[in-house]
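J.: Let's have the full structure, built from the sequences with the hints guiding it.
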Amino acid sequence: MNSYKFNELSVGMSESFTVTITEEIMDKFIEITGDVSPIHVNREYAVAHGFKNRVCHGMLFGSMFSTMAGVYLPGEHCLLHSVETKFSLPVFPGDVLTVTGKISEINDTFKTVAVKGTITNQDGKKVCKANIQLGVRE
Amino acid sequence: MTREEIFAQLTEIFQDVFDDDEIVLTDDTTADDIEDWDSLEQINLLVAIEKEFKIKFQLSDVSSLENVGAMVDLVEKLVG
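Heads up: the protein sequence lines correspond to chains A and B, in order.
Heads up: the first sequence at position 124 corresponds to 124 in the working numbering, and the numbers run straight through without jumps.
Count along the second sequence from 1, add 138, and you get the number used in the working numbering.
Fair warning: there could be bad hints in the mix.
[Claimed, not checked] Below, in silico cross-link-like pairs of lysine-lysine (DSSO-like), each with a Cα-Cα straight-line distance of 27 Å or less:
#, chain 1, residue 1, chain 2, residue 2
1, A, LYS126, A, LYS52
2, A, LYS116, B, LYS194
3, A, LYS5, A, LYS116
4, B, LYS189, A, LYS5
5, A, LYS111, B, LYS215
6, A, LYS129, B, LYS189
7, B, LYS189, A, LYS86
8, A, LYS111, A, LYS5
9, A, LYS116, B, LYS192
10, A, LYS52, A, LYS28
11, A, LYS111, A, LYS125
12, B, LYS194, B, LYS215
13, A, LYS111, B, LYS192
14, A, LYS102, B, LYS194
15, B, LYS189, A, LYS102
16, A, LYS111, B, LYS194
17, A, LYS5, A, LYS28
18, A, LYS116, B, LYS215
19, B, LYS194, A, LYS5
20, B, LYS192, B, LYS215
21, B, LYS189, A, LYS111
22, A, LYS116, A, LYS86
23, A, LYS102, A, LYS125
24, A, LYS102, B, LYS192
25, A, LYS86, A, LYS126
26, A, LYS28, A, LYS129
[Said to hold, decoys possible] FRET-style restraints, in silico, Cβ to Cβ:
#, chain 1, residue 1, chain 2, residue 2, range
27, B, GLN153, A, GLU31, 17 to 27 Å
28, A, THR109, B, ASP211, 46 to 56 Å
29, A, ILE25, B, SER202, 44 to 54 Å
30, A, MET13, B, THR149, 30 to 40 Å
31, A, THR33, B, THR168, 33 to 43 Å
Hints were generated in silico from the structure; no laboratory data involved.
Beta carbons are placed, not taken as given, at the ideal position from N, Cα and C, and that holds for glycine.
T.: Okay, here's the thing in structure tokens:
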């Protein structure tokens, strides 16, 4: 885990990590949230509606921005204020996602940091992007 | 920049931050008048105002702001 302090951060700093989407974590997400929409649960249903497999919940891979902030950038001292997320492409079991965060703004007075988040799949296609606002504990 | 011009720009910033086009500001408007105006949105507002007016607040300046009128006065002073 990273432990960047506010004064160690600068515009342009970036971090990234990868995560593989599996049927197992999708099932855990369903268990936690209760989102049993058939497009996420039933492969046949998803295929019949034009997808190649069960579609991963956007909020599942979107939650990786929490990991980005709380573990990588800035890590331990993070206080997450907001995450505005957009989902561009569907994600399926077996996809290997690269989650990236890059600092776009720092406000010295209010000790806030803006991070641009992106998630790309194994084909290099952007599946999700986010504007992340966070604070850094002293 | 006139006080009225600052008011107009502040109104746009408030409407954008709170995603509410019906917000109308007066000198006496306070956080009690806008439901979502909490401490986090206060920071978002001040950061947005800094960007819009190309000014820099000091914490000591903004910690005692009583209402929108005081905010306009501060922006007017910093814009010069």
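J.: Give a verdict on every hint.
T.: Structure-based check of all given hints:
1. A:LYS126 / A:LYS52: holds (18 Å)
2. A:LYS116 / B:LYS194: holds (23 Å)
3. A:LYS5 / A:LYS116: holds (19 Å)
4. B:LYS189 / A:LYS5: holds (24 Å)
5. A:LYS111 / B:LYS215: Measuring from Cα to Cα gives roughly 23 Å; hence the hint holds.
6. A:LYS129 / B:LYS189: holds (23 Å)
7. B:LYS189 / A:LYS86: Given pair B:LYS189, A:LYS86 holds - Cα atoms ~24 Å apart, limit 27 Å.
8. A:LYS111 / A:LYS5: holds (11 Å)
9. A:LYS116 / B:LYS192: Satisfied, since the Cα-Cα distance of roughly 22 Å is no more than 27 Å.
10. A:LYS52 / A:LYS28: Roughly 21 Å separates the two Cα atoms, so the pair holds.
11. A:LYS111 / A:LYS125: Outside the cut-off at roughly 33 Å; violated.
12. B:LYS194 / B:LYS215: holds (11 Å)
13. A:LYS111 / B:LYS192: holds (18 Å)
14. A:LYS102 / B:LYS194: Holds, at roughly 23 Å.
15. B:LYS189 / A:LYS102: It holds: about 20 Å lies between the C-alpha atoms, which stays within 27 Å.
16. A:LYS111 / B:LYS194: holds (13 Å)
17. A:LYS5 / A:LYS28: violated (33 Å)
18. A:LYS116 / B:LYS215: Measuring from Cα to Cα gives roughly 33 Å; hence the hint is violated.
19. B:LYS194 / A:LYS5: Since the Cα atoms of B:LYS194 and A:LYS5 sit roughly 22 Å apart, the hinted pair holds (cutoff 27 Å).
20. B:LYS192 / B:LYS215: holds (13 Å)
21. B:LYS189 / A:LYS111: At roughly 15 Å apart (the allowed maximum being 27 Å), A:LYS111 and B:LYS189 satisfy the hint.
22. A:LYS116 / A:LYS86: Given pair A:LYS116, A:LYS86 holds - Cα atoms ~12 Å apart, limit 27 Å.
23. A:LYS102 / A:LYS125: Between A:LYS102 and A:LYS125 the Cα gap is close to 18 Å, so the pair holds against 27 Å.
24. A:LYS102 / B:LYS192: holds (23 Å)
25. A:LYS86 / A:LYS126: Distance ~10 Å between A:LYS86 and A:LYS126 Cα, so the pair holds.
26. A:LYS28 / A:LYS129: holds (23 Å)
27. B:GLN153 / A:GLU31: 17 to 27 Å: violated (41 Å)
28. A:THR109 / B:ASP211: 46 to 56 Å: violated (18 Å)
29. A:ILE25 / B:SER202: 44 to 54 Å: holds (49 Å)
30. A:MET13 / B:THR149: 30 to 40 Å: holds (35 Å)
31. A:THR33 / B:THR168: 33 to 43 Å: holds (38 Å)
When the structure is compared with the earlier hints, violations turn up for hints 11, 17, 18, 27, 28 and for no others.
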